[in-house]
Amino acid sequence: MSFFIAFLLVLAFGSLAYLGVESGYKLTFAAIIPYVAVGVFVFGFVYKLIDWARSPVPFRIPTTGGQQKSLDWIQTDYLDNPPNKGWTVGRMILEVLTFRSLFRNTSMKLRWQDGEPRVAYYSAKWLWLFGLAFHYCFLLIFIRHFRLFMEPVPILVKGAEFMDGILQIGAPRLYQTDLIIVGALLFLLLRRVFDNKVRYISLLSDYFPLFLLLSIVSTGLWMRYFGKTDIVGVKQMTMSLVQFDPVVVDSVGAIFYIHLFFVSILLMYFPFSKLMHMGGVFLSPTRNAPNDTRMNHHVNPWNPPKKFHTYEAYEDDFREVMVEAGLPVEKQLEETPETEAEAE
Amino acid sequence: MANVPTPEELLNIDYSMPQQGWMDRKPVFEDGNFCYPAKPEIIEEIGFPNPRVWSPKDDDWKLPENWMEILHDGMKDRLSRYRSFKLFMDICVRCGACADKCHFFIGGGDPKNMPVLRAELLRSIYRKEFTTAGKILGKLAGARPLTQDVVKEWFYYFYQCTECRRCSLYCPYGIDTAEVTMMARELLHLLGIGINWIMEPVRNCNRMGNHLGIQPHAFKDIVDFLCEDIEEVTGIKIDPPMNEKGHEVIFITPSGDVFADPGVYTFMGYLMLFHEIGLDYTLSTYASEGGNFGLFTSHEMMKKLNAKMYAEAERLGSKWILGGECGHMWRVINQYMDTHNGPAPFLEVPKSPITGTVFENARQTKMVHICEFTADLMKHNKIRLDPSRNDHLRVTFHDSCNPARGMGFFEEPRYVIKQAVRNFFEMPPSTIREQTYCCGGGSGLNTDEIMEIRMRGGLPRGNALRHVQREHDVNMMSCICAIDRATLIPLADYWAPGVGISGVHELVANALIMKGEKKRTMDLRLEELPGMEGE
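Line by line, the protein sequences are chains A and B.
At position 95 of the first sequence the residue is numbered 95 (the numbering used here), and the sequence of numbers has no breaks.
Numbers given in the numbering used here equal positions in the second sequence, counted from 1, plus 1000.
These are computed hints drawn from the structure, not numbers from a lab.
Check before you lean on any hint, since a few could be wrong.
Taking lysine-lysine pairs in the DSBU-like style, the calculated list, with each CA pair at most 30 Å apart, reads [what the hints assert, rightly or not]: (1) B:K1039 <-> A:K274; (2) B:K1139 <-> B:K1076; (3) A:K109 <-> B:K1112; (4) B:K1039 <-> A:K306; (5) B:K1026 <-> A:K109; (6) B:K1112 <-> A:K197.
Based on the provided sequences and hints, a complete structural model is requested.
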């Protein structure tokens, strides 16, 4: 159900852009909406980060995935159980750049052998592989797009393009990322549909970004490989956006506006959705803190007052039996005012 | 274990997902699948709200009139105090990597025991109450209205989470269901919903000093009794100091070690070791609990119960604290103690009086784990051991969740065991160390009324144990957690019959050659040692 609603939503957004452009609202879709989208994205993203950061981290609660630092002759697993900030940064870098936690993934199966149940674990790295592939392709494609927003084109962007098209297949030259990102997105989508556990937990907000990204990618692919969109016109328009003097080039077809509209939707949707995991992963208290609370003092900014059942109160409760059992006491029995009840 | 199905019946697990969406399914409370509610007098004594007699099977849970407001405000307050909570409500992408990592899901197949969905139970309310999209779009945005059924569902599923953090290890963003469960339980407590198996130990620990409510004279009696057993086995008389001022070390262990088999053998092991090395220590009846059920209740209660350790160390004038084998006690000490109740300038950085080793890793908390301490002794050859006394044992080691994923305590206990026994076998790698499985009874769920749920949750651990039993004839599973020592016994009886459970220091004490001891013919359980029977 959510699957179809997400699909229809994206279809509706596409149609909206098409109809809008065909009815002459070209400047709206070429400039106004993208400007708004970038604004919403930037402010939303920053707002969300500030909102998270406003809540303190009262306790260091790292998930320790390896041996702690202890006795000299016991080898510490610095990356999975960092004892200081330096190693924590290392842990985070691997987490963000290589999805290290997801790499651990296994899948469990209950099977029978010799009349006995066996809980078996299998390596399950597909999600890690396709997840990583998607994110890196997205990054590369993102970088490649700076060709459209910069003049002269920076060497980094040219380098990215060169590497991406190094296989030199076809004309225009096929970018590997274009192919891989489609595959990765399809894997992520189909996994949601065909893995019954993942389907059961999936919400509209899980399908929608996948359809949206697929639509962005496919409209982009269409323009590059099939539709032969006027790239010079596109660059004129994108450059004009960057220079805050938007122009509309007539030779640029509707498909470009649809592509741009999808991107705008993505930007506006981003800060209010699960896509914010991009910013959130850096703040995760189970990963970005060293496991050093036995070594260093940390302050809880809202530390509640220390209230507990004191030893004095305890001894008052049990003094008699303690004395009888020969346990030392602070106040001897005769010192206790036996007459407390009488005094009242 | 009256209503518990046989392993064959229980293994009929359906991992396919229901037709009906999870928001539309309600939990059914039946005898055996829920924990008993806390008694009103207990709730009242520790100052929690809404004490009353009620049952989860009732339609009306007698919530306070303004319960929705209480929950809303409670959530808002916690969102502003814990970044973990706020972040974990926002960034889950529902990738499902955690789904088959939870022992309760593996053993039961209930979709709401997938960590992602367990958290969604709370997230859906968060979206409805605190996000614009959720308020406007409702179900389309994954939000649902707060109803009494939701509250009941929280009770049902957040007391089917042992806060073991296994899911957190695999989560690409480190989302920790233990944090989510802790928040949900705190929220439920605001409405007077808690379970007796947690709240009674909390009450006892607060007033009597330990979970079991053992009063000081009884505590001394038990220790005397255990010392008699030690004398019977070794011929050596030990008289451990108690509540005495001026000793270098105060030793604190979970009260389960003083009270129940097989924890008592571990306790005897501690005493024998201390005697042998001549440690200047004292026990305390006031701080006679290492475990902290406050962790399963609220951060404030955790702090309150934990405060006694430093207070007692200061009163007795000890220099540092030595802690016994316990799971969540060590998570509290490692992650919370110093922040809650430190710093403790009246203590000194722990230094072993026997080896001179300074425990730099405990520089701040001033508290050392007995396995660290003993490993250090062994490394420096300060104790003599005869591991052949344990030759009738084929031992494996169960990593307890809390020292594993809340501390990173893996090598120390293994080193100690390997010095004390000659036959040691690891369970499969996917089930030990940081990937270890829960005993199924952690976080206050080691109560008999939910034995079926515990056995389900114990399937992955039990199966791994059965594996080494089959492959290597393992007949003893050692562990460093008092809750494990209680819960793993029925678990092993159920999933791998014939395997016993022991603490690590029980094994050490059996191997320990004590000065002036008589020839050992019995182990600490007063069972004849094979091949060493008395002539």
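Results for each hint:
{"no.": "1", "hint": "B:K1039 <-> A:K274", "in the structure": "violated (41 Å)"}
{"no.": "2", "hint": "B:K1139 <-> B:K1076", "in the structure": "holds (21 Å)"}
{"no.": "3", "hint": "A:K109 <-> B:K1112", "in the structure": "holds (18 Å)"}
{"no.": "4", "hint": "B:K1039 <-> A:K306", "in the structure": "holds (26 Å)"}
{"no.": "5", "hint": "B:K1026 <-> A:K109", "in the structure": "holds (27 Å)"}
{"no.": "6", "hint": "B:K1112 <-> A:K197", "in the structure": "holds (11 Å)"}
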